[in-house]
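Listed below, chain by chain, are the residues.
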Amino acid sequence: SQQGEEDPQALSIQEGENATMNCSYKTSINNLQWYRQNSGRGLVHLILIRSNEREKHSGRLRVTLDTSKKSSSLLITASRAADTASYFCAPGPITGRRALTFGSGTRLQVQP
Amino acid sequence: ETGVTQTPRHLVMGMTNKKSLKCEQHLGHNAMYWYKQSAKKPLELMFVYNFKEQTENNSVPSRFSPECPNSSHLFLHLHTLQPEDSALYLCASSQDRESGRAPLHFGNGTRLTVT
Chain W
1 SQQGEEDPQA
11 LSIQEGENAT
21 MNCSYKTSIN
31 NLQWYRQNSG
41 RGLVHLILIR
51 SNEREKHSGR
61 LRVTLDTSKK
71 SSSLLITASR
81 AADTASYFCA
91 PGPITGRRAL
101 TFGSGTRLQV
111 QP
Chain R
113 ETGVTQTPRH
123 LVMGMTNKKS
133 LKCEQHLGHN
143 AMYWYKQSAK
153 KPLELMFVYN
163 FKEQTENNSV
173 PSRFSPECPN
183 SSHLFLHLHT
193 LQPEDSALYL
203 CASSQDRESG
213 RAPLHFGNGT
223 RLTVT
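Residue numbers (this note's numbering), protein chains in the order written: chain W, 1 to 112; chain R, 113 to 227.
Calculated directly from the structure, the hints in this document are not laboratory data. Treat each hint with caution, since some may be false.
Quick list of in silico lysine to aspartate or glutamate cross-link-like pairs, DMTMM-like style, CA-CA up to 20 Å [claimed, not checked]:
hint : chain 1 : residue 1 : chain 2 : residue 2
1    : W       : LYS26     : R       : GLU156
2    : R       : LYS152    : W       : GLU55
3    : R       : LYS153    : W       : GLU5
4    : R       : LYS153    : W       : GLU15
Pulled out of the complex, with its shape left as it was, chain W reads as follows:
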């Protein structure tokens, strides 16, 4: 399977706290992407990290990638109620099927 598996399945935190979500995958990758989905809406691309990068930042988002462990993490700092959503990782495989596939995601609830 080329899809990522997110952990935990659900996460509930207070506004202002940091949220960390993890992703594990099985294939060799070209890059890894993170997406957010608000309830009943489409997925929104957040950040792409290439296989030769170890860390990347975008605003309050920090993504790390460890290709030796086939894992990635997404950190959202100083969370807000508006960050409440499901978060998905999507490994971009080097070989095999090219279209992205997705796991079940992490459902993040940020309490105001």
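Place chain R on chain W using the hints.
Just chain R now, kept in the frame of chain W:
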């Protein structure tokens, strides 16, 4: 506004009906995708089109029939559906079919209910 527009947003249809979902993108992308998102299940890739040609069919039942007349438009024709086909159907586009190298842009989906 995502640049990918799906219509209708909601659709209720009987098992004997024929309906179509429409997706339109104005991002200049060459690849378009249909995904299905059922309750409590991961997103399922259904079809992939690249430059109007179908490049992937993920063992989707024939009651779902895609059509891609040009790189900007994608349809999903539905007929003789089952209640278990009720789901959120998401359309996406990307610069090319190797979406692992470029971000996907999703529409907001069509919520389909089959009665």
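Going down the list of hints, with the structure as the test:
{"no.": "1", "hint": "W:LYS26 to R:GLU156", "in the structure": "holds, 18 Å"}
{"no.": "2", "hint": "R:LYS152 to W:GLU55", "in the structure": "violated, 31 Å"}
{"no.": "3", "hint": "R:LYS153 to W:GLU5", "in the structure": "holds, 13 Å"}
{"no.": "4", "hint": "R:LYS153 to W:GLU15", "in the structure": "violated, 28 Å"}
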